[in-house]
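J.: Taking the hints into account, I'd like the entire structure generated from these sequences.
First to last, the protein sequences are chains X and R.
Throughout the first sequence, residue numbering follows this note's numbering, covering 1 to 111 in sequence.
Throughout the second sequence, residue numbering follows this note's numbering, covering 1 to 119 in sequence.
These aren't lab readings, by the way, just hints derived from the structure by calculation.
Some hints could be false.
Straight-line C-alpha distance at most 30 Å; calculated DSSO-like pairs for lysine-lysine [as the list claims (entries may be wrong)]: (1) R:Lys76 <-> X:Lys44; (2) X:Lys44 <-> X:Lys55; (3) X:Lys55 <-> R:Lys58; (4) X:Lys47 <-> X:Lys68; (5) R:Lys58 <-> R:Lys43; (6) X:Lys47 <-> R:Lys76; (7) R:Lys43 <-> X:Lys107; (8) R:Lys76 <-> X:Lys55; (9) X:Lys68 <-> R:Lys76; (10) X:Lys44 <-> X:Lys107; (11) R:Lys43 <-> X:Lys44; (12) R:Lys76 <-> X:Lys107; (13) X:Lys44 <-> X:Lys68; (14) R:Lys43 <-> X:Lys47; (15) X:Lys68 <-> X:Lys55; (16) X:Lys47 <-> X:Lys107; (17) R:Lys58 <-> R:Lys76; (18) X:Lys107 <-> X:Lys68; (19) X:Lys107 <-> X:Lys55; (20) R:Lys43 <-> X:Lys55.
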Amino acid sequence: QSALTQPPSASGSPGQSVTISCTGTSSDVGAHDHVSWYQEHPGKAPKLMIYEVSKRPSGVPDRFSGSKSGNTASLTVSGLQAEDEADYYCSSYVGGNNLYVFGSGTKVTVL
Amino acid sequence: QVQLVESGGGVVQPGGSLRLSCVESGFTLSYTGMHWVRQAPGKGLQWVTFIRYDGGDKHYADSVRGRFTISRDSSKNTVYLQMSSLRAEDTALYYCATDGPRPYSFGFWGQGSLVTVSS
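T.: Right under this line is the structure:
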């Protein structure tokens, strides 16, 4: 199972928006709405930010939003803040033996 | 407060074995499926394996199937990852993570246990 494709990097100034794409296939991202997003700060464990394409767990700011079109899911961070600078990973349920696949990761820089 | 603590990592020679443990506190592990996810140095996340809350269903990534075994002891609130026939490419930080509580997601993560396979 190949990793989902994400851009290596993305950036924006404070207050701006940045959108990260996550491209898979009709067997994973395109097959259902079981896509989630994780934020990882250096030296810290990943944190769930979005699940089921667009739902936010309690405690996650509404600046974070998710969407999907076909085989590509997206994470948008609006009103960028310094603490949003981190690595972001998408994940999709695959099923079968290889239950899940992660994206290649995107480093978001706040300029 | 959910807390997961991994242990058991270290340096092992190629072909060797190691067992990781993941102890939870703050919730009832007995009703929660658990995953192991790894991250090679400077690389992205990779799903490794899953065990259902009752241990009745297990899944493995192709890269570890036949070499790694996941198990759990609910009486000890602990999930294990037995790793054998280790290879250099298994070198990574291994995280345990809960299945949920949100559907089809990794809700809570430990801080990871580092495994280094090197001669």
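J.: Determine for every hint whether it applies to the structure shown.
T.: Right, here's what the structure says about each hint:
Restraint check for lysine 76 of chain R and lysine 44 of chain X: satisfied, since their Cα atoms lie roughly 26 Å apart, inside the 30 Å limit. Under the criterion of a C-alpha separation no larger than 30 Å, the hint pairing lysine 44 of chain X with lysine 55 of chain X is consistent with the structure, at around 23 Å. Restraint check for lysine 55 of chain X and lysine 58 of chain R: satisfied, since their Cα atoms lie roughly 27 Å apart, inside the 30 Å limit. As the CA atoms of lysine 47 of chain X and lysine 68 of chain X are separated by approximately 20 Å, the hinted pair is consistent with the 30 Å bound.
A C-alpha spacing of about 25 Å is found between lysine 58 of chain R and lysine 43 of chain R, which places the hinted pair at or below 30 Å, so the restraint holds. Taken as a hint, the lysine 47 of chain X and lysine 76 of chain R pair is honoured in the structure, with Cα atoms around 25 Å apart against an allowance of 30 Å. A distance of roughly 12 Å separates the Cα atoms of lysine 43 of chain R and lysine 107 of chain X; the hinted pair therefore holds under the 30 Å criterion. With a C-alpha separation of about 33 Å, the suggested pairing of lysine 76 of chain R with lysine 55 of chain X is violated against the 30 Å cut-off.
Note on lysine 68 of chain X and lysine 76 of chain R: the hinted pairing is violated, with a Cα-Cα distance of about 41 Å set against a maximum of 30 Å. With a C-alpha separation of about 14 Å, the suggested pair lysine 44 of chain X and lysine 107 of chain X falls inside the 30 Å cut-off, and the hint holds. Note on lysine 43 of chain R and lysine 44 of chain X: the hinted pairing holds, with a Cα-Cα distance of about 14 Å set against a maximum of 30 Å. At most 30 Å may separate the alpha-carbon atoms for a hinted pair to count; lysine 76 of chain R and lysine 107 of chain X exceed this at roughly 38 Å.
Distance check on the hinted pair: lysine 44 of chain X and lysine 68 of chain X sit about 27 Å apart at the alpha-carbon level, within 30 Å; holds. A C-alpha spacing of about 17 Å is found between lysine 43 of chain R and lysine 47 of chain X, which places the hinted pair at or below 30 Å, so the restraint holds. The straight-line distance between the Cα atoms of lysine 68 of chain X and lysine 55 of chain X is roughly 12 Å, inside the 30 Å bound, and the hint therefore holds. The hinted pair formed by lysine 47 of chain X and lysine 107 of chain X meets the criterion: a straight-line CA distance of about 15 Å does not exceed 30 Å.
In summary, the hint linking lysine 58 of chain R to lysine 76 of chain R is supported, as the alpha carbons are separated by about 19 Å, within the 30 Å threshold. Between lysine 107 of chain X and lysine 68 of chain X, the direct Cα distance comes to roughly 20 Å. Compliance with the 30 Å bound is thereby established for this hinted pair. Distance hint between lysine 107 of chain X and lysine 55 of chain X is fulfilled; the C-alpha atoms sit about 22 Å from each other, no more than 30 Å. With a C-alpha separation of about 27 Å, the suggested pair lysine 43 of chain R and lysine 55 of chain X falls inside the 30 Å cut-off, and the hint holds.
In summary, the numbered hints that this structure violates are 8, 9 and 12.
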